[in-house]
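K.L.:
Residue numbers (our numbering), protein chains in the order written: chain L, 1 to 124; chain D, 1 to 124; chain Y, 1 to 124; chain V, 1 to 124; chain C, 1 to 124; chain F, 1 to 124; chain Z, 1 to 124; chain E, 1 to 124; chain A, 1 to 124; chain P, 1 to 124.
Don't read these hints as lab results, they were simulated from the structure. Glycine residues also receive a C-beta, built at the ideal position from the N, C-alpha and C atoms. Possibly wrong hints are sitting among the right ones.
[What the hints assert, rightly or not] Not everything, but these chain Z residues come out facing chain V in the computed CB check (under 10 Å):
hint : residue
1    : 110
2    : 113
3    : 119
[Claimed, not checked] No more than 16 Å apart at the CA atoms, straight line, and that leaves these computed lysine to aspartate or glutamate pairs for EDC-like:
hint : chain 1 : residue 1 : chain 2 : residue 2
4    : Z       : 124       : V       : 28
5    : E       : 124       : Z       : 26
6    : A       : 124       : Y       : 58
7    : V       : 124       : C       : 58
8    : V       : 124       : C       : 28
9    : Y       : 124       : D       : 28
[Stated by the list, open to error] Simulated restraints on C-beta separations:
hint : chain 1 : residue 1 : chain 2 : residue 2 : range
10   : F       : 122       : C       : 65        : 43 to 53 Å
11   : D       : 122       : P       : 123       : 38 to 48 Å
12   : C       : 65        : D       : 63        : 18 to 28 Å
13   : E       : 100       : Z       : 123       : 29 to 39 Å
14   : C       : 13        : V       : 10        : 33 to 43 Å
15   : Z       : 69        : E       : 34        : 28 to 38 Å
16   : V       : 123       : Z       : 69        : 45 to 55 Å
17   : L       : 73        : A       : 23        : 44 to 54 Å
10 protein chains.
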Amino acid sequence: MNKKYAHAGLDQKLPALKTFPSQFKDYEITIVIPEFTSVCPKTKQPDFGTITIRYTPDKVCIELKSLKMYIGAYRNIGIFYENIVNRILEDFVTSCKPIQATVIGEFNPRGGIRSIIEAHYPRK
Amino acid sequence: MNKKYAHAGLDQKLPALKTFPSQFKDYEITIVIPEFTSVCPKTKQPDFGTITIRYTPDKVCIELKSLKMYIGAYRNIGIFYENIVNRILEDFVTSCKPIQATVIGEFNPRGGIRSIIEAHYPRK
Amino acid sequence: MNKKYAHAGLDQKLPALKTFPSQFKDYEITIVIPEFTSVCPKTKQPDFGTITIRYTPDKVCIELKSLKMYIGAYRNIGIFYENIVNRILEDFVTSCKPIQATVIGEFNPRGGIRSIIEAHYPRK
Amino acid sequence: MNKKYAHAGLDQKLPALKTFPSQFKDYEITIVIPEFTSVCPKTKQPDFGTITIRYTPDKVCIELKSLKMYIGAYRNIGIFYENIVNRILEDFVTSCKPIQATVIGEFNPRGGIRSIIEAHYPRK
Amino acid sequence: MNKKYAHAGLDQKLPALKTFPSQFKDYEITIVIPEFTSVCPKTKQPDFGTITIRYTPDKVCIELKSLKMYIGAYRNIGIFYENIVNRILEDFVTSCKPIQATVIGEFNPRGGIRSIIEAHYPRK
Amino acid sequence: MNKKYAHAGLDQKLPALKTFPSQFKDYEITIVIPEFTSVCPKTKQPDFGTITIRYTPDKVCIELKSLKMYIGAYRNIGIFYENIVNRILEDFVTSCKPIQATVIGEFNPRGGIRSIIEAHYPRK
Amino acid sequence: MNKKYAHAGLDQKLPALKTFPSQFKDYEITIVIPEFTSVCPKTKQPDFGTITIRYTPDKVCIELKSLKMYIGAYRNIGIFYENIVNRILEDFVTSCKPIQATVIGEFNPRGGIRSIIEAHYPRK
Amino acid sequence: MNKKYAHAGLDQKLPALKTFPSQFKDYEITIVIPEFTSVCPKTKQPDFGTITIRYTPDKVCIELKSLKMYIGAYRNIGIFYENIVNRILEDFVTSCKPIQATVIGEFNPRGGIRSIIEAHYPRK
Amino acid sequence: MNKKYAHAGLDQKLPALKTFPSQFKDYEITIVIPEFTSVCPKTKQPDFGTITIRYTPDKVCIELKSLKMYIGAYRNIGIFYENIVNRILEDFVTSCKPIQATVIGEFNPRGGIRSIIEAHYPRK
Amino acid sequence: MNKKYAHAGLDQKLPALKTFPSQFKDYEITIVIPEFTSVCPKTKQPDFGTITIRYTPDKVCIELKSLKMYIGAYRNIGIFYENIVNRILEDFVTSCKPIQATVIGEFNPRGGIRSIIEAHYPRK
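Chain L on its own, in the form it takes in the complex (with noise of 0.2 Å):
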């Protein structure tokens, strides 16, 4: 995989992530969306999956209509799967300031194989 396509993706413009006001401390959030789609960088075909967020919110929380925007947007990005999680998940703490975050993409099979990514924050 030459250059090329190792950064697709990763410094394209995608929708702002909003928040608002968390009113209560220490609790966790889980959202899912399974209808994740983007395209391959290499062979222009479609991917799909599921993308999972789970966080601790500090002072906000993830407006979800924001979110659906945000991840809408890489229906027509080439980007490749470590890039697409670990990029949900930089933009994410970036517009949230989490106490914790974790991020897992979910892929469908491509030629018999199935791929699962997953990044926290903070690194370790």
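Start from chain L and add chains D, Y, V, C, F, Z, E, A and P according to the hints.
P.N.:
Chains D, Y, V, C, F, Z, E, A and P in isolation, oriented as in the chain L frame:
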């Protein structure tokens, strides 16, 4: 999300949670309520979900009939997911004074996105 | 819930739990009884559920036939969920003197609400 | 069950079901609504269930948004299971004039008993 | 199996099945009761199973509360599987006079053998 | 497969199937036995499977206890799948004289291959 | 729903469906595509679903690679559920000229409502 | 797809299917083989699937061991799905001469698309 | 349970468990045997269950064929559940000398009661 | 098992595993391959199973296409279960140099016995 909605449903009066004296020490009770429904404060559309309460009773247990009336009273109240779960936890702790308690709300998908909220007492 | 019901079924005489000498040390036995039924002391309506007993035997194991008679004897006794599980644990510990034991009662939904009670020996 | 309840909810005004012109002939549409809720006319307690509508359109199809408003309007109406399913069938047939239609209501257990009601148009 | 058991439970008096007038024609009602229990006339051991009643009402429908009392009354009656299902069918047909009816009893395994009994009205 | 095995287990004496008089007409009985085991006549290795018998009784029903002894007696008999199912059907029909009967044998995989045999009475 | 949307996506040019000569007669092919996605013509929001095509080939079979390109081309087209399924059927029949064909679209829930559309060739 | 591939794998020699005399008349045998694998003639990539054979034997039954060798021999043969299922049917009918037979091939997804092929004897 | 049964099956000679040299260090092997059957020493009725062995090999691994013969030899031995699991563990440890090992026996329900026995080496 | 088989398949040359630079730190990748097949070195019969690789990448990730070629190359190699899993782990660690890695092989039942092998890097 403006201020108008942020507190929606948090101050609304709800039926009292009643208790009865526990006859034993050091055990755990889990109550699963798959028929929770409330209203989205913004769109006025109904929300549906399953509420799970797990707790270690101290001196008293929750009376199921009063819990049923309490949960049923959310039916026509406009309130967000995060506030539902955290308010149930606070009301439950106030009435039962348990040694520990967890409330989980698993809500039906909206726009292809499913949310799960989980809150614990005592707060960490 | 007044006093009349709080102790219902706790003092009722039940068939003796018999035991037999364990031939080995340091292992765990789990017994699942999906055919538990008793009566609600207030409404006189039947309750149904699954009782699970998990224990580490010391000198003796529970004899399954006597356990079956003991559990079957709840059939026409009026007793609450919390008391069922805790009484089974106490009766079991008295007869088997296990190193440790757990009793779990998972009861069928009533009014859309499902209850699970779990008690451990030794009490923490 | 006296007369007072027998007709409960049958004459109550509900939001109009809207339609749009079908572009094709001879196909079948199935709509599954797992978030139905109404109220028992006798006990005033909420009922929950899944409504399924399957039909062969003639000139028009049901508009999903108006169906959602129509179904949502049962939320605070006191009405029995049999009447729910048969009224939905009659209202649906009146607005859509389908070649054939089936309505099925699968209701959550009450007192350990689960009910399913199924009605067809044209009546045999 | 001698004569003593063959008729066991067939002549025992049971609570009356009540009905209410059906408001519609030509539809089907299915009632599932997973909490059936009775007693084996020979061994006196409890039996457990699920009873399903499916019928096309004519003038009246079965009242669920009276059905619940009727089914609950088998709790301490000694009666065989085949007789349970056929007696329920006969009692149901006598009280409801349905256009057609089916009763199915699915009983829990005994000695590794599971039994299902199904009877129809009108008899072929 | 030579002649030696073709009839294996077909002439072996088995415990008698007993019956009791049916109290009703025109109903169907299904018996599921997931604990069938026999021996492969060629390899002497054990076979395992589930036997299902479904029949419409005429004058008599099969007594479950005698069926259990009959099925259990295959435990150490060398016999092929096809012969197991057809012999059970013939023995069953001889003793019960049912209006109709079906026997199904679903056997555990051997060498990655799973077999299901199904035979009906009356033969078409 | 006004006219603007009623025909949306029906006249849009799509990649050609290619075929190859069938080597046999009288058999059935089922193709399941769980990764269908298109756009709602009104809300511009993505829709997701599973498309199933079942057909009896006459002289030719569909080439899977061209079907994949054809289905993938719906990705950014605004079109309603009913039109998706019926257009796929028409395009399929035009290119494959099968003896018979069925297309089923099972779409993910929107607003708690799930839709399934099924169309057959030849039209009855 | 050019001619080169259309016949791939149809003329390749395979191990003989052996049979043994059936001891009974009028019954049905189903054989499920979830470990089928072959090679795509175009891409040379392996294909995987489950083959199911269901038949009514006439004079002979298929010997499972020879079937296993026959099916295993597809392992390194380049052949399309449609040809796999139809060739198995033809080879099976030639050796067993059954009264009727069905072969079903359910193949693992490739590029998100799952294929099922079903062929019957006698051809309609 | 008198002494006669307590040791039943513990001293009976069984086929030897063979081993082969492990080529690697520090890994775990799990073996699942869903076709276990033995005989109840008291009732002489067959018992059925699934045996699972999980271990970390030291110098040798268990040879599957000898394990199959060893397990198959319980077929006609009268022995209680607790003794089955503990004897398998002891015999396994004697022949394989693993770093650690667990044996679990999950037995089919008898009289509506299901038993699971689990033993570990080294004993705590 | 003699020496001839003990090393079978361990020294056989396999296609190279390729990698690409990871763009992020501290995350986990899981790859599931349900289409693994190899050959038993003793019986020459095919084995089937699912291989799962879970790892924390350091500088590079495994390229899925090369992994697919590598796994596919076991197709005609004679090798035991334990050696399959441990060799994949060693080859994977050599090419990817991950921070940690686990390989799990879940193999289809043979003679009613199912095997699961699990190996970790770094070895404890």
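K.L.:
Give a verdict on every hint.
P.N.:
Hint by hint, here is what the structure shows:
1. 110: Cβ of residue 110 of chain Z sits 7 Å from chain V, so the hint holds.
2. 113: 5 Å, holds
3. 119: 4 Å, holds
4. Z:124 x V:28: Holds, at about 12 Å.
5. E:124 x Z:26: 7 Å, holds
6. A:124 x Y:58: 13 Å, holds
7. V:124 x C:58: 13 Å, holds
8. V:124 x C:28: 12 Å, holds
9. Y:124 x D:28: 12 Å, holds
10. F:122 x C:65: 43 to 53 Å: 45 Å, holds
11. D:122 x P:123: 38 to 48 Å: 42 Å, holds
12. C:65 x D:63: 18 to 28 Å: 23 Å, holds
13. E:100 x Z:123: 29 to 39 Å: For residue 100 of chain E and residue 123 of chain Z the Cβ distance comes to about 31 Å; the hint holds.
14. C:13 x V:10: 33 to 43 Å: The hinted range 33 to 43 Å holds for residue 13 of chain C and residue 10 of chain V, with Cβ atoms some 37 Å apart.
15. Z:69 x E:34: 28 to 38 Å: For residue 34 of chain E against residue 69 of chain Z, whose Cβ atoms are near 31 Å apart, the range 28 to 38 Å holds.
16. V:123 x Z:69: 45 to 55 Å: 47 Å, holds
17. L:73 x A:23: 44 to 54 Å: With Cβ atoms ~50 Å apart, the hint holds.
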